[in-house]
Every structure is written in structure tokens, then in C-alpha cells.
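Trainee: Heads up: the protein sequence lines correspond to chains A and B, in order.
Everything in the first sequence is counted per this note's numbering, starting at 155 for the first residue and increasing by one.
Everything in the second sequence is counted per this note's numbering, starting at 98 for the first residue and increasing by one.
Everything labelled a hint here was simulated from the structure, so no lab data went into it.
Mixed in with the good hints there might be a few duds.
Restricting the straight-line Cα-Cα distance to at most 25 Å, the calculated cross-link-like pairs of lysine to aspartate or glutamate (DMTMM-like) are [claimed, not checked]:
(1) A/LYS366 - B/GLU278
(2) B/LYS153 - B/ASP133
(3) A/LYS252 - B/GLU308
(4) A/LYS366 - B/GLU235
(5) A/LYS366 - B/GLU312
(6) B/LYS282 - A/ASP353
(7) A/LYS252 - B/ASP318
(8) A/LYS252 - B/GLU294
(9) A/LYS252 - B/ASP263
(10) A/LYS252 - B/ASP330
(11) A/LYS366 - B/ASP318
(12) A/LYS366 - B/ASP283
(13) A/LYS366 - B/ASP330
(14) A/LYS252 - B/GLU239
(15) A/LYS252 - B/GLU312
(16) A/LYS252 - B/GLU331
Derived contacts from chain A toward chain B, CB cut-off under 8 Å, selection only [unchecked claim]:
(17) ARG171
(18) PRO173
(19) ARG256
(20) HIS261
(21) HIS273
(22) GLU280
(23) THR281
(24) ALA343
(25) ASP353
(26) PHE355
From a predicted model like this one, the values you see are computed outputs, not experimental measurements.
Beta carbons: idealized from backbone N, C-alpha and C, even for Gly.
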Amino acid sequence: MQTVPSAGPKLARVPVRNPYSALPNWLYPALVAVTLTAFALYSAWVVFGNSGGRFGPYLSPFYSPEITLRLGGFLVPPALWVAWAPLAFRATCYYYRKAYFRSFFWHPRSCAVPEPRSHGSNYRGETGFWALNNLHRFALYAITVQMAFLWFDALAQFYYQGAFRVGLGSLLMIVNVVCLSGYTFGCHALRHLAGGRSDCFSCSRVRFRLWKGVTVLNVRHDRWAWVSLFTVLGTDLYIRLLVLGVLPHAPWA
Amino acid sequence: MASVSPLQLSVFRGDAEGGEMVTYSVPVREGMVVLDAVLWAQANLAPDLAVRWNCKAAKCGSCAAEVNGFPRLLCKSPVADYGEEISVRPMAAFPVVRDLVTDVSWNYEVNQRIAPFTPSEADRDDPRAWRMQQVDVERAIEFRKCIECFLCQDVCHVLRNHGRKDAYFGPRFMVRMASLEMHPKDSLDRRPQLKGEAGVGYCNITKCCQEVCPEHIHITDNAIIPLKERMADEYFDPVRSLLRRLGGR
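Extracted from the complex, chain B is given alone in its bound form (with noise of 0.2 Å):
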């Protein structure tokens, strides 16, 4: 077997305040993913290189970084899509905790905002009122694929480029109100939320979200623009407007 040259790993090393690339040799084996690249540079080389990462398995979603720039989680990246030289950073979206780790917390504090799924008091106390149909299902459980890698916030330009963390939640969290306000047992008019803090308006369907997404989740497709026509049906129809006056709702 012909002997492969060893991989050249650039990792940020550094915190908060700055850093540097650091560049790691790292033998290639076969199968391998960035994930074991750095985990075999952190066991051999640089024992306080700090990376977060749990599953290994592309279902916790922890060891979200950036490949070459992209976002993308470490494990789900085989290093023969990459060639001899890959380069590791943190979220550019998040601020650095160390090397590649990054406070992901603004995101907890963003689904503290939304209300929490909601029946109608009827639905409550009503047992038959809990069996759903299987097409009602499948649209909830597509939303419900989220493993929360934000790797959509990440690469989302509105938080990424523009730091408009203060007027728009973002994609995961639109999912999040996309799988509340399409459920057909929440009672709560979400869309007030959606066009004021939430800012569904300040995404322009660049679709990168729904291209980094790990899950193959339709973010923009069937989260998002769904969203804004709700909100269009609410705000910017005055046909629907017109008719909801005559019909005295």
C-alpha cells in the first residue's frame, strides 16, 4: 500500500481576546474525519487543544466548527474531501471560549423567548383530541430533526456578517417557531413574534442555512418562507385584511 502523505492541520489556538493558526502533521488513516484529525493532534501533540464533541456520530451536533471556512461538524467531514492542507476554526458567529470551543449560550436565551407549545383548554382536557393523523406528523417531524448544531446560525450573513443578533433570531430558532405555529394543537398566534423580535423579515432566502444543515432539514423551504407568507397573511395583505374586517374578525 503506498504511503500517504500526512495531513497538515491548521487549527485556531487561542481565545476571546486573539489567537493564531497552529499547524499540526497528522497521519492520514483511511476513514478518517476532521473530527479524528484533531482528537489525534490533541492526544498526541497539543493536550490543551480544547474541542467540544460528544457523539462522533453527526447526532449531537456539539462539534460544530469550520472546515476551510465552511461550517460544518467535524465529524461528518471525511478528510479525503479535503486533500493534504485543511485549516479548523471556531463559529465566526459566537464568541471564542477557547481554541475551538465557542459560547453558544445567546441561542438558549433566544428559545427562552419563544412560548412553549400551547393547546387550547378544550384539547387539554379532551384525550381524543391527542390522536394526529400522519400527514400532520410527518410536516412536525421534520422540524423536530433539529439537533441544535448551529451551524444555521453560523453561517446565517444576518448574524455572521451583520452581528444582528439584537433583530432576528435566526434560522434554527425559526424552525423552532415553524414546528409550534404549523402544529395543529397549539393554540397561539405566533406571528406578532415572528415579524417583531423573532425578525423573520431580516432574512433575504439566501438559503445557506438550509445548505450547511446537517439534518437535510428544508429550513428555508418549509420553515422560514412558510413564516413570512403567515406573516404576509397578517401584515402585508390588505385583500385578507379587508375581508377579515368585513367578516368582523
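Just chain A, with the same shape it has in the complex (with noise of 0.2 Å):
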């Protein structure tokens, strides 16, 4: 039992400035909020409202691998059977939990922002329900398969109908599966299964340098979790407005 109060003496709340950003506190946390709920209803369209993704040679990242099942002469979602893995992936990233706790649950809104009173004293953290964001490797394995799947598709769409041929689509797979990548093998918990996890560095240089290498990209893995994001948006509404013809059917499309 602790017997340290837990704060100082209470006074008029000031308005808290951070001196290592120029920007209002509420603005990062309003910008992450206003653009996940944009982006998972997005997905959820593209999810039970479409029924594929694909134009020609181009394959949407959404329906990556493709699998056609009729269950009962319905046919299930095709990217169903591909989003939980991105949103698993996603959603117990290290990265991606800054951004929820922060913008959705206010845990805070902004670093030494008071909280809302409403959340009290019984915080528990990633001890409760959240404590399943400790399979994020788990999602990390699932993830890795679902790569192998984009790559192909990525450099399989060079070679359509016998001949190798490119156009902006292609350039767009081949932007999103690269972004993608430095997204996924930035990862905290592969950096952890790459070499951190062993407490002598230098006993592999094989694991080390494997450990260097994901910490490279990990250093900015909120900037690859943000621009694989917009790639991935970007990739499916280019090939989905392809599909609907609003986009022209021209050689270069």
C-alpha cells in the first residue's frame, strides 16, 4: 500500500503547451480520430459491399489472395477472408496504439493534458481487455504470409495476356507493396523476435544484424504505418474506380 499522495495541490487548469510542438494539442489527436474512422469505413464498404477487386492484371490489396467461396450459394465477402489480418496487424501495432489510446480513448489526448474525470482511478491499461494487444505477434505471422501474397501479385500484374506491359496501376502495386513492407518489417515485435530478445548482441552477428536492420526502418515505423495506409486506400479506390469505369480504360491506365 502506497502511502504517497498521488498529486500535487489542485489549482485552475492551465493551458498545456508543449514546447517541442507548435501545433494545439487537440489537432494530432483529432487528425488520427477523423482519419481511422474514415479509413475503417472505407473498409467496411469495401469489405460487405464489393464483391471484388480486380481490373485486368491489377488486384486490389483488399482481396489479396483472392478466394471465391459460395457458402449455402452465398458468396462470403471475398475480403473477408483477407482484412482480419491487416486489422489484427493494425490494430495491436505498437504504433497504432499510441494513436487509439490517444485520439478515441483520451489516455491521454496529449501528453500532460488532464484526462477526462470520468475515467477515475480504475485504469488497468493493457491489463484487462486490452492485454490482448500482447498477441501482436500473432498478427505479425499472419501478416507476413498475406505479404508473400501482395508481392506476387505486385510483379505478376508486369506479365498480362503473354506480354510484359506497365501502367500507372502497376506503379501503385508496386508503391503499396513497398510501402507495405517497410511498414511490416519495421514492426516492434519483429525487431523483439529478429535479435531483441537476446541479451548479447554480439554472440550473433547473423541476429544483430537482422536486429539493425528492422530498427532502420522501426525508427520511423509511425511514418510507414501512416503512408502504407494512404497507399493501400490509394491502390484499391485507383482499381475500384477502374471497375467502374469512371476512371478511362486507356493503355496507360
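Hey, can you piece these two chains together into the complex? The hints should help.
Mentor: Have a look at this one:
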């Protein structure tokens, strides 16, 4: 039992100014909340409102690998077989944990900013329901398998109907898979598995180099997380607009 | 040279029972930091103003407080960064002794609950075991840079907002436990304590501790997250658990 009081005297709140950021402290959580909500709604529409994402050689990342299965005469939404893996990976990702705990739960909204009074003192962090976040490595295993399919699709689309071809969609698919790789292979759990779990870096040069390699990507994990989110969105949107005929079916497309 | 308006320095005056913000008008000098302003006010206007400081070089960690509501070292906060009005308060996560001085003794109590560096019996008696490679030393050095200013403890919302000192040791001691757990020559398994009374699970990775650290230690990325992963190895990985059982460990 602790005898030390938890906080100092009560004073009127002061507007907290973070000296490391020129932006108001509500802006980051607001932007994150809006962006993630918009992406979640778009993803839900893609998964449940559409039955495919292929246009010629192009395949939307929401449908890789392409699985078509009918149960009782009904087509199971093909993206459903895929979407759970990136959802689990991003939901348990150490960067996104910061993003959603700040933006949606206000735990805390911003550093040193008081939390709502309703939060009280029964905070359990990641020891209760959120202990599921400790299973992040299993989402990593799943997403690594999916990365293999994404790379296959991104390279296979260059060879279409017996000939080599490059279009704007080809470039988008390559950029998308590179950004997703930057995000996936900079994962904190992978950094741990690659070498971080060892107490002795000097005992295995291979493991140390692997750890250093993952660390290079890990330092910018947050940026990879955002960039790859937008490349997935952009690639899917482009292919979907081609499917819908909104964009012209030109040779460069 | 154009005259510079005096700084309106608002300082908390009081103790654990309560207090108020008192404003002092302080002349601004070139290169002035907030600690200079507080010390000027102490020397010229309020000789009974209590402030803890020592090195004035961001190395002793004594002058930790909150400048405009944000945890900072007073000696590392240039007045020029803030404009003409600055408020200085004691750290919110700890009880006030007087004015800007807080009682941080809880941290020392926590420190005593962590077993010190414990090499194996074999290493203890073998002088060759103590030759370490640079890559192993570098990993430990980052954690040893901590100056114990306790800004990370102050900004941690588990301690600051939720008052869960009963459940979580705080970022400072995650760094200390990381320095021991990851040391090649430490023989203790610290994961049970990490999951138990140290409460690493209470951290939800908001990275504020890393943001305020004046020594730029990557507290979350290099200490807390690797510790969480080590805890997951032991307690949240059924595959590893099965392999351990099959291997008879």
C-alpha cells in the first residue's frame, strides 16, 4: 500500500503548451480520429459492399490472396478472408496503440493534458481486455504470409496476356507493396524476434544485423504506418474506379 | 538595442495543503533560461521561494518542474521559447513539499524493490567473463544515461492522471529494469516482476515519457516495448509455451 499522495495540490487548469510542437495539442488526436474513422468506414464498405477488386492484371490489396467461396449459395465477401489480418496487425501495432489510445480514448489526449474526470482511478491499461494487444506477434505472422501474396500480385501484373506491360496501376501496386513492407518489417514485435530478445548481441552477428535492419525501419514506424495506410487506400480506389468505369480504360491506366 | 519587456513569471507558491500562482516581473537577459528567471525572482523579490536545483547544465535532474503545464527541466527551457508570460508549477504527479519542490521519495522506494545487478556464480569468479563487446555495451549505455529527473514519471498518465502508483513502477523504472533484464551478465529472470508488481501492462504506449526525456532515451521503443515483448514470450505466447514444455523447460 502506498502512502504517498498521487498528485500535488489542486490548481486551476493551465493551457498545456508542448514545447516540442508548434501545433495545438488537440490537432493530432483529432486528425487521427477523423482519418482512422474514415478509413474504417471505407474498408467496411469495400469488404461488405463489394464482391471483387480485380481489373485486368490489377488486384486491390483488399483481395490478396483472391479467395472466392460460396456457402449455401451465397458468396462470402472475398475481402473478408483477407481483411482480418491487416485489421489485427494494425489494431495491435505499437504505433497505432499510441494513436487510438490518445485519439479515441483520451488516455491521454496529449502529453500532460488532464484526462476526463470520468476516467477515474480504475485504469487498467493493457492488463484487462487490452492485454490482447500482447498477441501482436501472431498478427505479424499472418500479415507476413499476406505480404508474400501482395508481392506476388505486384510482380505478376507486369506480365499480362502473354506480354510485359506497365501502367499507372502497376506503379501504384509496387509503391503500395514497398510501403507495406516498410511498415510490416519495421514492426516492434519483429524487432524483438529478429534479435531484440537476445541479451547478447555479439553472440550472433546474423541476429544482430537482422535487429539493426529492422531497427532502421522501426525508427520511422509511425510514418510507414500512415503512408502504407494511404497507399492501400489509393491503390484500392484507383482499381475500383477503373472497375466502375469512372477512369478511362486507356493503355497507360 | 531595443528594450525587452520584462517577463511575467507566474510561480506556484504554497504546499501540499494548497497555494496560489504569484506573478513576478523579471527582466529578461539574453540566453536566459526559466531557472534563471526563477532564481532572479528568488534573489530580488521572494527570498523564501523554494526551488530545487544544482548543476544548471541538465545533468543533475534536480530542477524538474512544469513550464506552461508541460514537464521540463527549468535549466533547459529557454525563456525565448515561451514569450512574455510563463507559468511554473511543481510536478503534478508528486506531492508538493513547498513551492516548486516536490517529494519524489516514492521513486526511491520503488527502486529498492528492484533486485540489483546479479551475475551468475560462474561469471563472478571468472575474470574473462567481464570482457564485453562494444555492441553489448552500447545497448546498456543508453539506459545508463538516465539522470533521474523523474519527468517521465511526472508525464506518465498512469501515475499522473490515474494515480496508479500501487500498480505501476513508471517509465523510469522500466528503463532500470530494461538495463538489468537485457544485460548479458545479469542472471535473474525479471519477467515475473515485470508482469506483476512492476505492472508493465499498465503502459499503453502513448510515448509521452520518451517525449519529455531530457537525455533523449528511447524509453518506449528501447525499454518498455522490448520488455512487453519479453513478457509476451513468457505469458502470452502459447506456441512458445508449448515448445518450452516439449523441450522439458
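Trainee: Quick one, is the A/GLU280 hint okay against chain B at 8 Å, beta carbons?
Mentor: holds (5 Å)
Trainee: Verify the proposed pairing of A/LYS252 with B/GLU308, using a straight-line Cα cut of 25 Å.
Mentor: At roughly 13 Å apart (the allowed maximum being 25 Å), B/GLU308 and A/LYS252 satisfy the hint.
Trainee: Between the alpha carbons of B/LYS282 and A/ASP353, is the straight-line distance 25 Å or under?
Mentor: The hint holds at about 8 Å.
Trainee: Are the Cα atoms of A/LYS366 and B/GLU312 separated by 25 Å or less?
Mentor: holds (22 Å)
Trainee: Tell me if A/ARG256 is really an interface residue toward chain B, meaning its C-beta lies closer than 8 Å to one of theirs.
Mentor: A/ARG256 check passes; min Cβ-Cβ to chain B is 6 Å, inside 8 Å.
Trainee: Please check whether A/THR281 passes as an interface residue: C-beta within 8 Å of a C-beta belonging to chain B.
Mentor: Nearest chain B Cβ about 4 Å off; hint holds.
Trainee: Given the hint that A/LYS252 pairs with B/GLU239, does the C-alpha gap stay at or below 25 Å?
Mentor: With Cα atoms ~23 Å apart, A/LYS252 and B/GLU239 stay inside 25 Å; holds.
Trainee: Between A/LYS252 and B/ASP330, is the straight-line Cα distance small enough, at 25 Å or below?
Mentor: holds (22 Å)
Trainee: Is the Cα-Cα distance between A/LYS252 and B/GLU294 25 Å or less?
Mentor: Distance ~23 Å between A/LYS252 and B/GLU294 Cα, so the pair holds.
Trainee: Does A/LYS366 pair with B/GLU235 here, judged by a C-alpha cut-off of 25 Å?
Mentor: holds (13 Å)
Trainee: Does the nearest C-beta of chain B fall within a distance shorter than 8 Å of the C-beta of A/ARG171?
Mentor: holds (4 Å)
Trainee: When you check the alpha-carbon spacing of A/LYS252 and B/ASP263, does it fall within 25 Å?
Mentor: holds (23 Å)
Figure legend: structure checked against the earlier numbered hints; every hint is met.
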